[in-house]
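Chains as they are written, first to last, in my numbering: chain A, 91 to 258; chain B, 148 to 527; chain C, 247 to 693; chain D, 4 to 104.
Possibly wrong hints are sitting among the right ones.
To be verified - Sample of chain A residues with no beta-carbon within 10 Å of chain C, all distances over it, derived:
#1 I96
#2 F98
#3 V110
#4 A146
#5 V153
#6 G154
#7 M157
#8 L195
#9 P197
#10 L209
#11 I248
Claimed, not checked - Here are the simulated lysine-lysine pairs, DSSO-like style, with alpha carbons at most 30 Å apart:
#12 B:K301 - B:K393
#13 B:K362 - B:K246
#14 B:K305 - B:K451
#15 B:K301 - C:K286
#16 B:K187 - B:K451
#17 D:K89 - C:K328
#18 B:K334 - B:K362
#19 C:K314 - B:K187
#20 D:K89 - B:K187
Honestly, the hints are just simulated from the structure, not real lab data. Here a beta-carbon is modelled for each residue, glycine too, at the ideal position from N, C-alpha and C.
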Amino acid sequence: MLLDQIIFFIFAAIALAGAVLVVTSRNAIHSAIWLITSLLATAGIYLLLRAEFLFAVQIILYVGGIMVLFIFVIMLVNLDVAIRQIQFNRQTSVALVLALAVGGLLPLAHYFLGREITLPPPHVAELGPNTEAVGQALFARYMVPFEIASVLLLVAMIGAVVMAKRRV
Amino acid sequence: MADTRTTDFPNVTQTVLGADELILNMGPQHPSTHGVLRVKLRMDGERITGTECIIGYLHRGVEKIAEHRSYPQFAPYVDRMDYVAAVSNGLGYCEAVEKLMGAEAPPRARVVRTILTELQRIASHLLWLGTHALDIGALTPLFYCFREREEILKIFEKYCGARLTTHAFRIGGLLYETYDGFEEDVKRFCNDFANRVDEYETLLTSNRIWLERTKGVGIISAADAIAIGATGPVVRASGLKWDIRKAMPYAAYDQFEFDIPTGKTGDTYDRYLVRMEEMRQSRRICLQAVDNIPTGPIMAKVGKVLKPPVGEVYHSIEAPKGELGYYIVSDGTTQPYRVRVRPPSFINLQALDQMARGCLVADIVAIIGTLDIVLGEVDR
Amino acid sequence: MDALLHYFTQPQNYLPLIFILVIVAVLPLLAGYVVLMERKIMADMQARLGPMRVGPHGLLQPLADAVKLLIKEDIIPEEADKVVFLLAPLISVTAAMTAYAAIPFGPGFQIAEMNIGILFILAVSSMGIFGIVLAGWASNNHYSLLGALRGAAQVVSYEVAAGLAVVTAVLLAGTLSTRQLVMAQISEQTGTGYWFIFLAPVAFFIFVVASVAETNRAPFDLPEAESELVAGYMTEYSGFRWSIFFLAEYAAMIVVASLATILFLGGWSRPFANTRVFDFMDYAPPVLLGGFGLYCLYRLLKQPAAWQKLVMLIFGGILLLLAAAVALPLTGLQLGSVSVAGWKPAIHGGFWFVAKVVAYLYFFMWIRFTFPRYRFDQLMRLGWHFLIPVSLVNIFAVAGGLIIHRQQQVGLEVAMFFATLVTLAAALLFAWLAERRPPAHAVENEF
Amino acid sequence: MNVPTHWFVFLSMALFTIGVIGVLTRRNVIVILMSIELILNAVNINLVAFSRHFSQVDGQIFAIFIIADAAAEAAVGLGIIIAFFKNRETVLADEMDLLKW
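Okay, chain A solo, but in the shape it has when bound (with noise of 0.2 Å):
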């Protein structure tokens, strides 16, 4: 159906002109409020993609979770002389082309070889219950690396809060 189709142009005009503004935005809060914008929209596309578990992970944690520790470090290093400050560095036109060319280098693919790549037919069979199904994986075949993860996130935090307890 088309209205499927119009929901993602939506969504991905909002996550790519959130993008853009995240890089060029000379504040620093301004940038994080459009990422905010961009992994909103992001959420959307993966409801439309049918996992609602993601979108509710994504808002709670990425949005609720990181962006306000973002927006609390960005208040806490008053960024009033940064903001005056060069935004760009040196290397910016170098950087530009390399990570357009990158970045052109799927499009490219895509126009010239277009037909011989193609992916395979999509699976009709539906994933069932979002939410059990992301629970049975999770904690019945990737039990391991669940559990590396949590570990992980056990280091980042000890690892934060040396960081910032320590006074110099």
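Model the placement of chains B, C and D on the given structure of chain A, informed by the hints.
Positioned in the frame of chain A, the structure of chains B, C and D alone reads:
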């Protein structure tokens, strides 16, 4: 308002976190500086590393005015210093001038003065309790306190026609005889009040949040308090049993029995407990006094025109906030040569810096509240 | 076009739109009356009368306040970041109001039934913190900034505790859908048949404390602590923008009250819905509403002015109408082919839901007027050193109890009782540990 | 599946490129960190899109791991920034030219 551009601290920028510190300008317009006190807080995050009080926003030159008024004319002015304890101010001034003249108020006047002053002490402490609790975030005690304070103010109004700045006493005694039913009013108030103090205490004394907010906050040792010159509940909460009512009795305090409550640690909680107990003791004094009001004249013979002999006098009383002293120099005319007031709030306020260092920004509010300052008295 | 027309003639498609309109239209009014309720309760607890002048017994006070706020000058500080300053209240109110999408106010009254309903509400309401933080930052005022920093730290911390308490209820119900969570508490066929407050009282307690902190209400109202930070993040706001923050705060309060109702208090179900002895409680709604309505009419006679009588008449009439609506399903009338008795779940469900929400709000207000305010470090310590450990233990205990219940054929009530005992023991341990810790002022470099 | 999967791949690519540009060109470390979040997010879109395409949840699991990783990265990164800011009073990447201070 937070305004860092006018800071007096050298080398300070606006950064919140980093090598430098944050300057928060608290007051003169702030909900919990009890008037127009302005405190500059030097902070590291939310932790206070230094304070600086800026006073004078309510300065009216009361002491200078005294030099151009006759002795009785100046009496209403002292009511405007500690305007929540006007009766106590008036008592101190009247007794100081009486001492200067060598006169003495008749016994009946002295007992009535004692009753009114103790009621005023209760009223002042009630106002302190209400606003202090409000500063710490408890909304309800304020209204309970005002309910009882209203009863006291009604007694004042019936006695002398004014509620706040009463000008109740005259040099040499009293101008007004007590009204019919004065004793009953005071007794009724005292009887009701016993339960009311318990009611406040049930709201606060054993409340966990209240304990956490006041215990160990704003500690000052007895030695430090003495060094600063702090008096009243501030020094008593640190453990020093110093009360002018006992040490140098004035009015009729030597006739009545009462205890001087003291604290141990000198923190905000002890000051709270001391003041609560003082209210009970004041009630006790009132009850004793109201049954024993002697009959007789209410005014000593001081003459129409007051001309004290050349000389000087210092007289101090135990005002609700501490030692309120008047130093009066007379050159033999109808007007004082010099009047100097020793206001308890002003001197107790000096303890602020010592109490606040190392506390959080929320504690400074509790500490200003616990010092029980009145800016009218600090600035004069 | 025909497809669209067809789409919007289906009840399941147009009903949500109507519900959205109802909620958006009614919520500001409702928030206004919650404020009036709060002021009246506060007045009652403080031996005064509260608003009495605008309308009889202050019944029109919310409208007067709204008009006052709307016509006040809208001040934007010169040094503020204008765009963010304007954006912040909108974020707050949007986050609060979006959460209503997943709340089932009754068996039929829900905008969107989704299989991650609880997660959706948690996710969306967690966005509200950005309103506070950005408002505080954009105002360019030290009080606002301190309020915002406090708000961010506080809400993020207590969200963890609230989330863990929610997990307990989700464990017991085995679903994330708000509607099925309620169903699990109503009947034994679809779940346990007990309100989860009885099965997991500790989780409910944790949720209550955390929800107070999350909505920045006293005794955890540190971001806007008026005696310390003037008005915290709202210091520079005035007029309409300030009232939007106000609306957001009260909307968020209603959201957490609804959440507590859904998770622990059985949603729209009547108390003891499964016990026949208590069936007389079905008559409580009409009696209560009718009683209030008649009392309004009785007070009508005492109003001094004609227009006040009119206002009283309107309020009494509305209450009597509601009473009639609630009484209707009990009459057993037949309207044509429709049996009125069939409407009972919908109508009475709404009543009980609202009643529980109001009771929860009353509790909020009660503690606000009773307790002093926590200090920031004490608040953090309470959250991280007590609530979060206890809720973790609680989850383990409840999960263990469920396993024992399922595998050992132990009754659910018994299993949950022992789970609660375990949790309480752990709570005592944590409280004891917290007592032993030195007080904050002695600890240097804590932050 | 009404939206072709390769649309999501293109969106992901575009977001990724923007993120890379941000990382390579900005001087402000915080914005660089945010650009990294953009890159991670682009990868997530890709994973979830293919998870949908093949009707397997594995992609979503990886996305969850990546979000966890992003949280860890943000915590450590921001911790470093705060520690650095305390010492040097700057958040500009090209002024961070000391390995030890």
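Examine each Cβ of chain C, and state whether all of them lie more than 10 Å from the Cβ of V153 of chain A.
Answer for V153 of chain A: violated, closest chain C Cβ roughly 7 Å.
In terms of Cβ atoms, is chain C entirely out of 10 Å range of I248 of chain A?
holds (15 Å)
Is the straight-line distance between the alpha-carbon of K89 of chain D and that of K187 of chain B 30 Å or less?
holds (24 Å)
Would I96 of chain A pass as off the interface with chain C, using Cβ distances and a cut of 10 Å?
Holds, because the least Cβ-Cβ distance between I96 of chain A and chain C comes to about 13 Å, which exceeds 10 Å.
Regarding the assertion that A146 of chain A does not contact chain C, is the least Cβ-Cβ distance greater than 10 Å?
The claim breaks: A146 of chain A does not keep its Cβ more than 10 Å from every Cβ of chain C (closest is about 4 Å).
Would the least Cβ to Cβ distance between F98 of chain A and chain C come out above 10 Å?
holds (20 Å)
Are the Cα positions of K314 of chain C and K187 of chain B separated by 30 Å at most?
Distance of about 35 Å is beyond 30 Å: violated.
Would you check the hint for K301 of chain B and K393 of chain B, treating anything up to 30 Å between C-alpha atoms as holding?
This hinted pair holds, its Cα atoms lying about 29 Å apart.
Is the hinted pair K301 of chain B and K286 of chain C satisfied, with a Cα-Cα distance of at most 30 Å?
Holds. K301 of chain B to K286 of chain C sits at ~27 Å (cutoff 30 Å).
Please settle this one: G154 of chain A was flagged as non-interface, so is its CB more than 10 Å from every CB on chain C?
Not fine: 3 Å to the nearest Cβ puts G154 of chain A too close to chain C.
Outside-interface status for L209 of chain A - nearest CB in chain C farther than 10 Å:
holds (28 Å)
Straight-line Cα separation of K334 of chain B and K362 of chain B no greater than 30 Å?
violated (35 Å)
Of the numbered hints stated above, those contradicted by the structure are hints 4, 5, 6, 7, 13, 16, 18 and 19, listed in ascending order.
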